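2 protein chains.
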Amino acid sequence: MAALQRPIRSRNKESPMTKGLLIIHTGDGKGKTTAALGMALRTAGHGLRVCFIQFIKGSWRYGELEAVKRFDDCIDLHVMGRGFTWKSESLEEDIRLAREGWALACQAIDSGQYHLVVLDEFTYLLHYRMLEIAPCLEFLASRRAEQHVLITGRYAPQALIEAADLVTEMRVVKHPLKSGIKAQKGIEF
Amino acid sequence: MAALQRPIRSRNKESPMTKGLLIIHTGDGKGKTTAALGMALRTAGHGLRVCFIQFIKGSWRYGELEAVKRFDDCIDLHVMGRGFTWKSESLEEDIRLAREGWALACQAIDSGQYHLVVLDEFTYLLHYRMLEIAPCLEFLASRRAEQHVLITGRYAPQALIEAADLVTEMRVVKHPLKSGIKAQKGIEF
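Residue numbers (the working numbering), protein chains in the order written: chain A, 1 to 189; chain B, 1 to 189.
Just so you know, these hints were derived from the structure itself, not from any lab. The model shown is predicted, which means the values in this text are computed figures rather than measured ones. Take the hints with a grain of salt, since some may be wrong.
Claimed, not checked - Simulated restraints, written as ranges between beta carbons of each label pair:
hint	chain 1	residue 1	chain 2	residue 2	range
1	A	155	B	28	14 to 24 Å
2	A	100	B	107	45 to 55 Å
3	A	172	B	47	21 to 31 Å
4	B	145	A	96	22 to 32 Å
5	A	107	B	128	20 to 30 Å
6	A	138	B	173	16 to 26 Å
7	A	47	B	96	14 to 24 Å
8	A	107	B	145	41 to 51 Å
9	A	175	B	175	23 to 33 Å
10	B	28	A	72	47 to 57 Å
11	A	106	B	134	49 to 59 Å
Said to hold, decoys possible - Reference listing, derived: stretches of chain A covered by chain B, where coverage requires no fewer than 3 residues with Cβ under 8 Å from a Cβ of chain B:
hint	region
12	41-53
13	104-112
14	125-134
15	152-165
Think of the CB as a built atom: it goes at the ideal place given N, C-alpha and C, for glycine as much as any other residue.
All chains, full assembly: derive it from the sequences and hints.
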C-alpha cells in the first residue's frame, strides 16, 4: 500500500473538462490484458501515473513484470488473488481476497494520484459473484470526473458494459493452442 | 536501416522446435496496435529483440514513442508511410512507400535478429492494393520457422487470415467518440 502514499510525481495536465472513461476489454480472445499493458505503458510514456492491479495472481509472468519494472517511476503494480482461477475450494477465502483487492482498487481510484487505474481480470470477481456488482458500479459512477478506469476479463456482466464508455470485445478468430502449438515466450506470456 | 546492422544483443533462447506464429489483430475496435505495443514490450521484457514497423506515419504519438524509448536496447522502431491514410492523391507515391516499407519488413524478418517483427497497420497496404498479397504471403510462409510476425490493422484480407496462426478481432461494443467525447491522452494516443 506504500505506493499509494508516495507524493504525486506527475499530474494530469489535461483540461478539467476531460471525461474519465470506464473502459472494458472483454471477450474470449487474446489481447485484453496485453492491450491494457500497452495502454498503461503509453500513459506512462506521457509521464502520467498508472495503478495496475492484477486480480488473478500468476496470470502475469516474467516478460510483463520486467517490462513494467522499467516504468517503476510511473506504474504501481499490485498483485491480488491467489492463483490462476477464482473457482477454488475455499469460497470464503476467495471472497476475502476479492474484497481486499476491491478495497485497494477503491483506494487507488479515490487517491487522485493516478491518471489510469487498471483492474486486470476483474470481471471474474463479478462473474463468479465474489463481489456484488451494484455497489461496485455505484462506486465507479461516483469517482472523480477525470479518472480513467480500465477493466479487463472475460464474461463482463451486462450491467458493467452498460455503465462503460468504451467497450472492446477481443474475439477469437483463430487460436494456435487449438491447433496444438504450445504457449510461447513474448506471445502468450 | 542502421538498426538492422547492429550486433545481436539478445538471442532467442527458446527451443529450436518453437513455432514462429503469424499473428493478426484486426477488426474495427480499439486495441489492435495497443496490444501489439504490449506484446512488443513484453517480448522486450524477456530481453528479446523486436522490430516494430509502423506503416502509417502519424498514427503513433508522444505516449507510445516515449514508452518505446525506454526499450531502445530491445525495440527498433521504424516509421514508414506518409500520413494518417494511404488513400492519398498520389497512388504512385503510395505504392513506392508501401514497397519500401515491405522491403524493410522483409529485411527485418530475414535478418534473424528479431524474436518478433510487428507490421503495424500493414493490412491497409493489402486492402488498398498498394502491395500484391500473394508474394507477401509467400514470403511470410518461407520465413525462418521460429520467427514471430504480428500484423495489425482493419480489413485483414481473408487470405491473410487463412495463412495466420492466431487471429483476434477487436470488435467495437461501445465507443465514446460516437457519443461526442474527445480523444484523450493515454487512452486514444
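So, going through the hints one by one against the coordinates:
no. : hint                      : verdict
1   : A:155 x B:28: 14 to 24 Å  : holds, 22 Å
2   : A:100 x B:107: 45 to 55 Å : holds, 51 Å
3   : A:172 x B:47: 21 to 31 Å  : holds, 29 Å
4   : B:145 x A:96: 22 to 32 Å  : violated, 48 Å
5   : A:107 x B:128: 20 to 30 Å : violated, 49 Å
6   : A:138 x B:173: 16 to 26 Å : holds, 22 Å
7   : A:47 x B:96: 14 to 24 Å   : violated, 37 Å
8   : A:107 x B:145: 41 to 51 Å : holds, 48 Å
9   : A:175 x B:175: 23 to 33 Å : holds, 25 Å
10  : B:28 x A:72: 47 to 57 Å   : violated, 35 Å
11  : A:106 x B:134: 49 to 59 Å : holds, 55 Å
12  : 41-53                     : holds (count 8)
13  : 104-112                   : violated (count 0)
14  : 125-134                   : violated (count 0)
15  : 152-165                   : holds (count 3)
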